[in-house]
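Protein chains in written order, with UniProt numbering: chain D, 1 to 332; chain V, 1 to 332; chain S, 1 to 207; chain A, 1 to 207.
In short, the hints are calculated from the structure, not lab data. We put the CB at the ideal spot given by N, CA and C, even for glycine. The reader is advised that the hints may include incorrect statements.
Calculated Cβ distances over 12 Å to all of chain V for the following chain A residues [to be verified]:
{"#": "1", "residue": "Glu22"}
{"#": "2", "residue": "Gly25"}
{"#": "3", "residue": "Asp28"}
{"#": "4", "residue": "Ala29"}
{"#": "5", "residue": "Asp33"}
{"#": "6", "residue": "Ala53"}
{"#": "7", "residue": "Ser84"}
{"#": "8", "residue": "Arg175"}
{"#": "9", "residue": "Glu181"}
Taking lysine to any residue pairs in the SDA-like style, the calculated list, with each CA pair at most 20 Å apart, reads [said to hold, decoys possible]:
{"#": "10", "chain 1": "A", "residue 1": "Lys73", "chain 2": "V", "residue 2": "Met1"}
{"#": "11", "chain 1": "A", "residue 1": "Lys91", "chain 2": "V", "residue 2": "Gly96"}
{"#": "12", "chain 1": "D", "residue 1": "Lys227", "chain 2": "V", "residue 2": "Ser230"}
{"#": "13", "chain 1": "V", "residue 1": "Lys2", "chain 2": "D", "residue 2": "Leu206"}
{"#": "14", "chain 1": "V", "residue 1": "Lys2", "chain 2": "D", "residue 2": "Ala8"}
{"#": "15", "chain 1": "V", "residue 1": "Lys2", "chain 2": "D", "residue 2": "Phe204"}
{"#": "16", "chain 1": "V", "residue 1": "Lys2", "chain 2": "D", "residue 2": "Glu208"}
{"#": "17", "chain 1": "D", "residue 1": "Lys227", "chain 2": "V", "residue 2": "Glu233"}
{"#": "18", "chain 1": "V", "residue 1": "Lys227", "chain 2": "D", "residue 2": "Ser230"}
{"#": "19", "chain 1": "D", "residue 1": "Lys2", "chain 2": "V", "residue 2": "Leu119"}
{"#": "20", "chain 1": "V", "residue 1": "Lys2", "chain 2": "D", "residue 2": "Ala321"}
{"#": "21", "chain 1": "A", "residue 1": "Lys73", "chain 2": "V", "residue 2": "Glu31"}
{"#": "22", "chain 1": "A", "residue 1": "Lys73", "chain 2": "V", "residue 2": "Ser32"}
{"#": "23", "chain 1": "D", "residue 1": "Lys2", "chain 2": "V", "residue 2": "Ser32"}
{"#": "24", "chain 1": "D", "residue 1": "Lys2", "chain 2": "V", "residue 2": "Ser232"}
{"#": "25", "chain 1": "S", "residue 1": "Lys73", "chain 2": "D", "residue 2": "Glu31"}
{"#": "26", "chain 1": "S", "residue 1": "Lys73", "chain 2": "D", "residue 2": "Ala8"}
{"#": "27", "chain 1": "V", "residue 1": "Lys2", "chain 2": "D", "residue 2": "Glu31"}
{"#": "28", "chain 1": "S", "residue 1": "Lys73", "chain 2": "D", "residue 2": "Ile234"}
{"#": "29", "chain 1": "S", "residue 1": "Lys73", "chain 2": "D", "residue 2": "Glu208"}
{"#": "30", "chain 1": "D", "residue 1": "Lys45", "chain 2": "V", "residue 2": "Ile234"}
{"#": "31", "chain 1": "V", "residue 1": "Lys2", "chain 2": "D", "residue 2": "Thr10"}
{"#": "32", "chain 1": "D", "residue 1": "Lys2", "chain 2": "V", "residue 2": "Glu31"}
{"#": "33", "chain 1": "A", "residue 1": "Lys73", "chain 2": "A", "residue 2": "Ser108"}
{"#": "34", "chain 1": "D", "residue 1": "Lys227", "chain 2": "V", "residue 2": "Ser32"}
{"#": "35", "chain 1": "V", "residue 1": "Lys2", "chain 2": "D", "residue 2": "Ser230"}
{"#": "36", "chain 1": "D", "residue 1": "Lys2", "chain 2": "V", "residue 2": "Asp9"}
{"#": "37", "chain 1": "V", "residue 1": "Lys2", "chain 2": "D", "residue 2": "Thr195"}
{"#": "38", "chain 1": "S", "residue 1": "Lys73", "chain 2": "D", "residue 2": "Ser236"}
{"#": "39", "chain 1": "V", "residue 1": "Lys2", "chain 2": "D", "residue 2": "Arg229"}
{"#": "40", "chain 1": "A", "residue 1": "Lys91", "chain 2": "A", "residue 2": "Asp2"}
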Amino acid sequence: MKKFLNTADTYLTDALAGFAAAHPDLSVNLESRVVTRARGAVPGKVGLVSGGGSGHEPLHTGFVGEGMLDAACPGEIFTSPVPDQVVEAVRAADSGEGTVLIVKNYTGDVMNFEMAAELAGEEGRRVETVLVDDDVAVEDSTFTAGRRGTGATLLVEKIAGAAAARGDALEEVAAIGRRVDAASRSFAVALTACTTPSAGRPGFDLPEDEVEVGVGIHGEPGRRREKLRSASEIVSDMVDAVLDDRPLESGAEAIVVVNGMGGTPLSELYLVYGEVAALLEERGVSIVRNAVGDYVTSLDMAGCSITVCEAEEGFTDLWDAPVSTPGLRWGI
Amino acid sequence: MKKFLNTADTYLTDALAGFAAAHPDLSVNLESRVVTRARGAVPGKVGLVSGGGSGHEPLHTGFVGEGMLDAACPGEIFTSPVPDQVVEAVRAADSGEGTVLIVKNYTGDVMNFEMAAELAGEEGRRVETVLVDDDVAVEDSTFTAGRRGTGATLLVEKIAGAAAARGDALEEVAAIGRRVDAASRSFAVALTACTTPSAGRPGFDLPEDEVEVGVGIHGEPGRRREKLRSASEIVSDMVDAVLDDRPLESGAEAIVVVNGMGGTPLSELYLVYGEVAALLEERGVSIVRNAVGDYVTSLDMAGCSITVCEAEEGFTDLWDAPVSTPGLRWGI
Amino acid sequence: MDIELARAWVRAIGAAVERDRERLGELDAAIGDGDHGANMQRGFAAAVDAVGAMSPESVGAVLTKTGTTLVSKVGGASGPLYGSAFRAAGKRLAAERAETEEVGAALSAALEEVRRLGGAQAGDKTMVDAFAPAVDAFTRVAGSGGRLDEAARAAADAADEGLRATEPLQARKGRASYLGERSVGHLDPGAASTALVFRALAEAAGA
Amino acid sequence: MDIELARAWVRAIGAAVERDRERLGELDAAIGDGDHGANMQRGFAAAVDAVGAMSPESVGAVLTKTGTTLVSKVGGASGPLYGSAFRAAGKRLAAERAETEEVGAALSAALEEVRRLGGAQAGDKTMVDAFAPAVDAFTRVAGSGGRLDEAARAAADAADEGLRATEPLQARKGRASYLGERSVGHLDPGAASTALVFRALAEAAGA
Ligand SMILES: Nc1ncnc2c1ncn2[C@@H]1O[C@H](COP(=O)(O)OP(=O)(O)O)[C@@H](O)[C@H]1O
Ligand SMILES: Nc1ncnc2c1ncn2[C@@H]1O[C@H](COP(=O)(O)OP(=O)(O)O)[C@@H](O)[C@H]1O
Ligand SMILES: [Mg+2]
Ligand SMILES: [Mg+2]
Ligand SMILES: [Mg+2]
Ligand SMILES: [Mg+2]
């Protein structure tokens, strides 16, 4: 395994310590593993908390800050946080207006956040949960744990964060977060497997001429393997998968995220975005906003995900609203 | 070779086309290979132009925009742009106040920009050149082409860009750019080699347990090979190399960039930053600003560079000034 | 089962997941995200410390503390599941000693909790496929007057059997379900750790 | 040398760098950034088109056009160097035909331009180490009344010799100099392309 690290066991703490040193406007509790805004909860504002396994940076810790999250609780690598962490984060985020939990739909995340929500409730705190489940590689049926939460998490956290900053009430913030998730679909392809510090070797072996199609963000294998093809062929399949699941009519407006998995250079992501833009234009869909870069990663995996979110009433204004976090910043 | 691409020959054009589609506030000429602000030269402002081989994204195209560059000219991958491109960029950037060329110190870049500067001069344009040469892995002697320009380019382009935006005159903008370069030193380590689309395979073979120390940003081998060691050992050698070349006294203030080469996940970069911060603290140097992320990359290379720039009078204010580019944004 | 045996059981699980950490991780890497070994090791190492540090008044106190520790240290799917399971079992054993049949009832309560929380049916390729047959075997032997070590050994064998039976199954719950047919042909990591849990009980009781 | 031969020379270079693109790229990957093959191929393919499309009045016009095209198409270090070299040579050959000695003088001017621009000395492990001996050999043969094909063949052989001699050298100019001692033991890519340039002249003249 080739990584900048000291020991596999200290990887996460060391990385969080560096994150803390780099961002004095955030406060990082290395003990409780909770990242909050240094200034604390914002009086009169609904709190926004998210978290999940680590290894997806900048998600979620990198999205704590003005206009987005109030607190994040990073779990072990690819392991959802424990209820204590989440409760700790809720306490830090709750100004009395209640807290929205943004949870990616994985069995572990859902169970741990549910337990945390119960505990927070027992403390008399109002908590609403927004489940993110945008990955169409997983059919949403009784034969699965349901669609995974992936690239759309960026959109949900930004847009719900802006709604909270604007002063929306608990139920309203949760509602718009759910609308964003409902309007979003994603699909991912991996060119290489990622290596977790503890495993020390790639999660799966992928021949030099094959790709994993329909992968998640935890290094798990995808739905199937395919021969590596041209970007235009791969992307057209990805866009089909996304739009077959949730068709967009000609004339529709969309926010598109081309998200790198961590090991893919920006120039490739732009190349992919160019293909997506052309395909959507063919279908008469106009992209009103876009984000191209590493947002929801999978350690050093080479690959990308494509997220298409129909820009419903109000989404773009909230997307454009000022945000100041390590991973996303404008207007401030 | 595993990349999202159509053909090696179209890689650059396709990536630029995607970049153009993603950033409507920039105008990208795929013919002349020049990226400019859509609104064109800013009346009364000194123009800022940079360029170099492609494969270092977001550098330089991603730094075109308010508060930073007026135009960039991306060459072929790892190949400096041709004089025509540079002249084209100068024409687009020059509002009559003259233009500063920011050139990374490589034989090819220097010669092509020099030729361009001559041509622009023949058109009666005032041009000043700022050479960036921060990489201490290369000794600055008659036995080499001189130190390479690497991570400090981010600082020079941001700070000189802010000076130009503030209304500084041609000589002043060039002068502060040179001061930033003179105050900066960098050193890089690679864990893997990068693969150019045309070569189709890694530039050098690196055993699973070895790293290249003192690499540049063009996939060239470094000064030497070493066994992979712990992050704290590697980083402490890197920081020593940087500070031995340009010592900082206790009490000095610095701007630090921990720059990813393209294939290294953000969590590792933060881990590295944590080590750097601790080492500088030991030496009594306080980091007043930092940037951790992918800024000056080398395609898919895994690795990072550390840049330490002494924060001289005025640097931090100009660093903090509003900037709105695809690769760097705040305050706007 | 007395307090010391309960403690010994937790220590035996800790030793087992420490030893098989890699194997559990590889099983999880094949159809999940590869962290199950680390999760179990982290959780039970903490549980061993916790139950070692306390002076429990009851068998249940040991198991409840184990469950609470797992919940607060593991995360992922297995944390809440094993954690709640041990807590549910602990609730049922309020005395200093527990008859084998009482232990069986406690294990049944634990299984119920796993079913309730995770919603997995038999055959979904989860820990339930090892947990359920183990509890059945335990209660059967206990019901016919068998000793704890006998019941535990039967449970461990049944769990191993259930684990083996997960290989041909297609996962319908948890991460492995994302793979669809590709989950077929692999053992379920959680079923594998469950088999370790019951084998550890047999060892502790046999000693 | 007449206009047609000048054109044939450029075409021969184009064919050679097309054929050896990979090899030049690998030489450059070893001690540089691997783009020399692509650079030469891109540049001379454009030059072949350019000189094919024009109706030149002089030998020099062909070489000047070649140089201008290289400058505007290649980039990197080799673009300005080869481009300026061909332009310098072109300036000296204003007539429809050029005597072999005149060609030698033009080649000397080209070499001077490379030296001036790049500042490389003999032994710095650059194209100069092939260029300089080639020009010496050419002018020597031309000076003693040799024909163009004879002079060109001598130049090509000297360039090959100069190329071979770059292997043990440590680079002092260009990217390869960044490697310090690690540049020793490799041929210089630019010297390799220079050898192709002179071999192409010999072929064209011999034909
Ligand atoms: N809904 C569920 N019901 C019962 N057991 C489950 C469920 N989901 C997952 N599991 C068990 O959890 C195991 C995975 O645990 P672990 O890898 O630690 O958590 P995660 O899947 O979050 O990484 C699976 O092998 C399976 O046995
Ligand atoms: N200062 C110089 N003087 C003469 N030749 C040089 C100089 N610098 C580089 N070269 C030649 O250029 C060659 C590299 O060309 P190329 O790879 O196309 O450009 P780059 O080095 O910019 O990638 C080297 O092999 C060397 O022969
Ligand atoms: Mg997990
Ligand atoms: Mg080059
Ligand atoms: Mg797992
Ligand atoms: Mg080169």
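A quick look at each hint next to the structure:
At roughly 9 Å, the least C-beta separation between glutamate 22 (chain A) and chain V is not larger than 12 Å, which violates its mark as non-interface. Not every beta carbon of chain V lies more than 12 Å from that of glycine 25 (chain A), the smallest distance being close to 6 Å; the non-interface claim is violated. Against the 12 Å criterion, aspartate 28 (chain A) falls within the reach of chain V, whose nearest CB is about 9 Å from its own CB. Chain V draws alanine 29 (chain A) into its interface by the beta-carbon criterion, the shortest separation being 5 Å against a cut-off of 12 Å.
Residue-level check failed: aspartate 33 (chain A) sits 4 Å from the nearest beta carbon of chain V, not beyond 12 Å. For alanine 53 (chain A), the shortest C-beta to C-beta distance to chain V comes to about 18 Å, beyond the 12 Å cut-off, and the non-interface label holds. Not every C-beta of chain V lies more than 12 Å from that of serine 84 (chain A), the closest at about 8 Å, which undercuts listing it as non-interface. With a least beta-carbon separation of about 6 Å from chain V, arginine 175 (chain A) fails to lie farther than 12 Å from that chain, contradicting its non-interface assignment.
Consistency note on glutamate 181 (chain A): stated as away from chain V, yet its beta-carbon is not over 12 Å from all of that chain's, at 9 Å minimum. Between lysine 73 (chain A) and methionine 1 (chain V) the alpha-carbon distance is near 26 Å, which puts this suggested pair outside the 20 Å criterion. For the given pair, lysine 91 (chain A) sits about 34 Å from glycine 96 (chain V) by alpha-carbon distance, which is inconsistent with the 20 Å threshold. With a CA separation close to 37 Å, the supplied pair lysine 227 (chain D) and serine 230 (chain V) exceeds the 20 Å bound.
Note on lysine 2 (chain V) and leucine 206 (chain D): the hinted pairing holds, with a Cα-Cα distance of about 11 Å set against a maximum of 20 Å. Distance check on the hinted pair: lysine 2 (chain V) and alanine 8 (chain D) sit about 28 Å apart at the alpha-carbon level, beyond 20 Å; violated. Taking the CA atoms of lysine 2 (chain V) and phenylalanine 204 (chain D), the gap is about 16 Å. The hint holds against a cut of 20 Å. The hinted pair formed by lysine 2 (chain V) and glutamate 208 (chain D) meets the criterion: a straight-line CA distance of about 7 Å does not exceed 20 Å.
Proximity of lysine 227 (chain D) to glutamate 233 (chain V) is assessed by CA-CA distance (about 40 Å); at most 20 Å being required, the pair is judged violated. This hinted pair does not check out: lysine 227 (chain V) and serine 230 (chain D) have alpha carbons roughly 37 Å apart, beyond 20 Å. With a C-alpha separation of about 47 Å, the suggested pair lysine 2 (chain D) and leucine 119 (chain V) falls outside the 20 Å cut-off, and the hint is violated. For the hint linking lysine 2 (chain V) to alanine 321 (chain D), the alpha-carbon distance of about 37 Å lies beyond 20 Å, and the restraint is violated.
Our distance criterion of 20 Å between C-alpha atoms is met by lysine 73 (chain A) and glutamate 31 (chain V), whose separation comes to about 12 Å. Our distance criterion of 20 Å between C-alpha atoms is met by lysine 73 (chain A) and serine 32 (chain V), whose separation comes to about 11 Å. Taking the CA atoms of lysine 2 (chain D) and serine 32 (chain V), the gap is about 40 Å. The hint is violated against a cut of 20 Å. Pair hint lysine 2 (chain D) plus serine 232 (chain V) holds up; C-alpha atoms about 14 Å apart against a cutoff of 20 Å.
Distance check on the hinted pair: lysine 73 (chain S) and glutamate 31 (chain D) sit about 12 Å apart at the alpha-carbon level, within 20 Å; holds. Among the hinted pairs, lysine 73 (chain S) with alanine 8 (chain D) is consistent with the structure: their alpha-carbon atoms are about 17 Å apart, no more than 20 Å. The suggested pairing of lysine 2 (chain V) with glutamate 31 (chain D) is violated, with an alpha-carbon distance near 40 Å, which exceeds 20 Å. For the hint linking lysine 73 (chain S) to isoleucine 234 (chain D), the alpha-carbon distance of about 41 Å lies beyond 20 Å, and the restraint is violated.
Proximity of lysine 73 (chain S) to glutamate 208 (chain D) is assessed by CA-CA distance (about 39 Å); at most 20 Å being required, the pair is judged violated. Under the criterion of a C-alpha separation no larger than 20 Å, the hint pairing lysine 45 (chain D) with isoleucine 234 (chain V) is inconsistent with the structure, at around 44 Å. Taken as a hint, the lysine 2 (chain V) and threonine 10 (chain D) pair is broken in the structure, with Cα atoms around 31 Å apart against an allowance of 20 Å. A threshold of 20 Å between alpha carbons decides the hint, and for lysine 2 (chain D) with glutamate 31 (chain V) the separation of about 40 Å lies outside it, so the pair is violated.
A distance of roughly 24 Å separates the Cα atoms of lysine 73 (chain A) and serine 108 (chain A); the hinted pair therefore is violated under the 20 Å criterion. Restraint check for lysine 227 (chain D) and serine 32 (chain V): the C-alpha separation of about 35 Å exceeds 20 Å, so the hint is violated. Distance restraint check for lysine 2 (chain V) and serine 230 (chain D): the Cα-Cα separation of roughly 10 Å lies within the 20 Å cut-off, and the hinted pair is therefore satisfied. The straight-line distance between the Cα atoms of lysine 2 (chain D) and aspartate 9 (chain V) is roughly 31 Å, outside the 20 Å bound, and the hint therefore fails.
Taking the CA atoms of lysine 2 (chain V) and threonine 195 (chain D), the gap is about 17 Å. The hint holds against a cut of 20 Å. Taking the CA atoms of lysine 73 (chain S) and serine 236 (chain D), the gap is near 43 Å; set against the 20 Å cutoff, the hint is violated. For the hint pairing lysine 2 (chain V) with arginine 229 (chain D), the CA-to-CA distance comes to about 10 Å; that is within 20 Å, so the pair holds. Annotation: proposed proximity of lysine 91 (chain A) to aspartate 2 (chain A) holds, straight-line Cα distance about 15 Å (limit 20 Å).
Violated hints for the displayed structure, listed by number in ascending order: 1, 2, 3, 4, 5, 7, 8, 9, 10, 11, 12, 14, 17, 18, 19, 20, 23, 27, 28, 29, 30, 31, 32, 33, 34, 36, 38.
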